[in-house]
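Undergrad: Sequence:
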Amino acid sequence: GLPGKGMRVLFGSCTAVHQAWYPSLEIFNILLKWHKDLQPFSFFLHLGDIVYTDIGTEFDAIFSQTLARVPFSDSYHLLLSDSFFSSFQRFVPTFHMYDDHEIENDYARGGTPLYKEALSYYEQFIHTRNPQTKWFEEEGEYYYNFRYSKDVSVFVLDTRKYFYPLSSPAPSSCSPSADTCVPSQISTSTPSPQTASPTTPPEKSLLGETQLIRVINWLNEQQQHNVSLKIIASPVSWSSSSALFPDSQNPAEITHIFNHIHAHGICGVVILSGDAHYGMAIQYIFPNTNTNTTTSPMSVWEWGASPFQAFPFPLPNLPPSSRGGKWKEERHFLKGMGYFFGILDVEEKEGLKIKIFETEPFSVPVPNVVYERRIGWEELYKSAECK
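At position 268 of the sequence shown the residue is numbered 268 (full-length UniProt numbering), and the sequence of numbers has no breaks.
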């Protein structure tokens, strides 16, 4: 079961520290007070853009100024020497994952010398704080998973190493069509993620084939062990609302994971994401294949919140919610031009309570709740298709 009063997860991304523009991460001073004075955080999911090594090049592009790239080591020293962030880290267990700004904005070029140099600093300063796995020790893979309790399991994705340009043609072996992206190594019964054989990732990729296999096997394993809540922690949003994956451009891996969840009745899956510079609540609703048409359809929720501190973005001009897959994407909340973070409470009896907070950019942080929803266990598992 869930210990004590339950589990409280803080999540978000984008923690820019820059001597001229973002001198400190004061929001973490407030969060530490909440941790000590209110209900403590069980852990913090720090979902990418941990540092901004490219902040100089970002300003070049925006303001046509000449600013040098921040040296990799300096970026991490600025973050880890921030008194508010470092104090928070001493008290709250934190699980990290990198994204693009640890390398360069929108990085999508695979294992280049720049990538290898950038990730060597990420390993040195950050990744050693994460759970160490055979995947990292033997294969150099940064993704990992962990079980918080018998009822909660988390898979932290690496969505950057195998991120390939969306303008590339879809590979013939793994098309966006839902039924054709089925790697032969995926197990639908007995999970064996350590034995998956890596193959060349498709050009149009988010996870790469081996990571996809391991996510599928992890989902199977959690279902077999009756784990109530399966959290997919993703540095990037899976939603078309993020403008990262517009309709008809989504990687086939997302389609395959959703189709696998639906086909095998795996309920209790939620996605926590960062990167988009919005607060968002998205529900992916699957078609009802049960002969009883009155039963509720299966769905997966995604809650995204970012940045803690970085450039705020306006919302893009979005088409109506859709995806072109075999599911409906329903936007319950979407807000830009602010700083956002999220808190997920998991209670043994009541289920889930999600809150997304906003603070005003470039000001003393005063967090305000801008989205709140409670989802009971009964609602999470109410579909007759849940197995």
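No lab work stands behind these hints, which were simulated from the structure alone. Be a bit skeptical, because a hint or two may be false.
Claimed, not checked - In silico DSSO-like links for lysine-lysine, alpha-carbon gap of 30 Å or less: (1) 355 with 387; (2) 382 with 355; (3) 355 with 150; (4) 355 with 116; (5) 161 with 328; (6) 161 with 134; (7) 382 with 335; (8) 353 with 382; (9) 326 with 33; (10) 335 with 353; (11) 335 with 355; (12) 355 with 328; (13) 382 with 33; (14) 326 with 353; (15) 161 with 116; (16) 328 with 387; (17) 387 with 335; (18) 33 with 116; (19) 150 with 116; (20) 36 with 150; (21) 134 with 116; (22) 387 with 161; (23) 33 with 161; (24) 33 with 387; (25) 335 with 150; (26) 150 with 134; (27) 353 with 328; (28) 387 with 36; (29) 33 with 328; (30) 382 with 326; (31) 353 with 150; (32) 36 with 328; (33) 326 with 36.
Unchecked claim - Cβ-Cβ distance ranges computed for the label pairs, FRET-style: (34) 295 with 74: 21 to 29 Å; (35) 73 with 295: 26 to 34 Å; (36) 91 with 139: 43 to 51 Å; (37) 150 with 69: 25 to 33 Å; (38) 366 with 139: 24 to 32 Å; (39) 289 with 91: 32 to 40 Å.
The beta-carbon is built from N, C-alpha and C at its ideal position, and this holds for glycine as well.
Undergrad: Look at each hint and say if it fits the structure.
TA: Against the structure, the hints come out as follows:
With a C-alpha separation of about 28 Å, the suggested pair residue 355 and residue 387 falls inside the 30 Å cut-off, and the hint holds. Our distance criterion of 30 Å between C-alpha atoms is met by residue 382 and residue 355, whose separation comes to about 22 Å. The suggested pairing of residue 355 with residue 150 holds, with an alpha-carbon distance near 24 Å, which does not exceed 30 Å. Proximity of residue 355 to residue 116 is assessed by CA-CA distance (about 37 Å); at most 30 Å being required, the pair is judged violated.
For the proposed pair residue 161 and residue 328, the alpha carbon gap of about 28 Å is at most 30 Å, so the pair holds. With a C-alpha separation of about 17 Å, the suggested pair residue 161 and residue 134 falls inside the 30 Å cut-off, and the hint holds. In summary, the hint linking residue 382 to residue 335 is supported, as the alpha carbons are separated by about 29 Å, within the 30 Å threshold. Pair hint residue 353 plus residue 382 holds up; C-alpha atoms about 17 Å apart against a cutoff of 30 Å.
With a CA separation close to 44 Å, the supplied pair residue 326 and residue 33 exceeds the 30 Å bound. The hinted pair formed by residue 335 and residue 353 meets the criterion: a straight-line CA distance of about 19 Å does not exceed 30 Å. Between residue 335 and residue 355 the CA atoms are separated by roughly 14 Å; this keeps the pair inside 30 Å, and the hint holds. For a cut-off of 30 Å, the pair hint linking residue 355 to residue 328 stands: about 23 Å separates their Cα positions.
With a C-alpha separation of about 37 Å, the suggested pair residue 382 and residue 33 falls outside the 30 Å cut-off, and the hint is violated. Taken as a hint, the residue 326 and residue 353 pair is honoured in the structure, with Cα atoms around 27 Å apart against an allowance of 30 Å. Restraint check: the Cα-Cα separation between residue 161 and residue 116 comes to about 10 Å, which is no more than 30 Å; the hinted pair holds. A C-alpha spacing of about 21 Å is found between residue 328 and residue 387, which places the hinted pair at or below 30 Å, so the restraint holds.
Of the pairs offered as hints, the one joining residue 387 and residue 335 is violated, with about 35 Å between alpha carbons and a cut-off of 30 Å exceeded. In summary, the hint linking residue 33 to residue 116 is not supported, as the alpha carbons are separated by about 37 Å, beyond the 30 Å threshold. Straight-line distance between C-alpha atoms of residue 150 and residue 116 comes to about 37 Å, which puts the hinted pair past the 30 Å bound. Annotation: proposed proximity of residue 36 to residue 150 holds, straight-line Cα distance about 26 Å (limit 30 Å).
A threshold of 30 Å between alpha carbons decides the hint, and for residue 134 with residue 116 the separation of about 19 Å falls inside it, so the pair holds. Between residue 387 and residue 161, the direct Cα distance comes to roughly 33 Å. Violation of the 30 Å bound is thereby established for this hinted pair. Among the hinted pairs, residue 33 with residue 161 is inconsistent with the structure: their alpha-carbon atoms are about 35 Å apart, more than 30 Å. Of the pairs offered as hints, the one joining residue 33 and residue 387 is violated, with about 41 Å between alpha carbons and a cut-off of 30 Å exceeded.
Restraint check for residue 335 and residue 150: not satisfied, since their Cα atoms lie roughly 34 Å apart, outside the 30 Å limit. Distance check on the hinted pair: residue 150 and residue 134 sit about 22 Å apart at the alpha-carbon level, within 30 Å; holds. Simply put, residue 353 and residue 328 have alpha-carbon atoms about 23 Å apart, close enough for the 30 Å limit, and the pair holds. At most 30 Å may separate the alpha-carbon atoms for a hinted pair to count; residue 387 and residue 36 exceed this at roughly 39 Å.
Restraint check for residue 33 and residue 328: not satisfied, since their Cα atoms lie roughly 40 Å apart, outside the 30 Å limit. This hinted pair checks out: residue 382 and residue 326 have alpha carbons roughly 20 Å apart, not beyond 30 Å. This hinted pair checks out: residue 353 and residue 150 have alpha carbons roughly 19 Å apart, not beyond 30 Å. Between residue 36 and residue 328 the alpha-carbon distance is near 41 Å, which puts this suggested pair outside the 30 Å criterion.
Restraint check for residue 326 and residue 36: the C-alpha separation of about 45 Å exceeds 30 Å, so the hint is violated. At about 56 Å, the CB distance of residue 295 to residue 74 disagrees with the hint of 21 to 29 Å. For the pair residue 73 and residue 295, the supplied restraint of 26 to 34 Å is violated, since their beta-carbon distance comes to about 56 Å. Remark: the range hint 43 to 51 Å for residue 91 to residue 139 is contradicted by a beta-carbon distance near 33 Å.
The beta-carbon spacing between residue 150 and residue 69, approximately 46 Å, falls outside the hinted interval of 25 to 33 Å. Take residue 366 and residue 139: their Cβ atoms lie about 44 Å apart, and the range 24 to 32 Å is violated. In this structure the supplied range 32 to 40 Å is violated for residue 289 paired with residue 91, their Cβ-Cβ distance being about 47 Å.
The structure fails to meet hints 4, 9, 13, 17, 18, 19, 22, 23, 24, 25, 28, 29, 32, 33, 34, 35, 36, 37, 38 and 39 from the earlier list, while all remaining hints are met.
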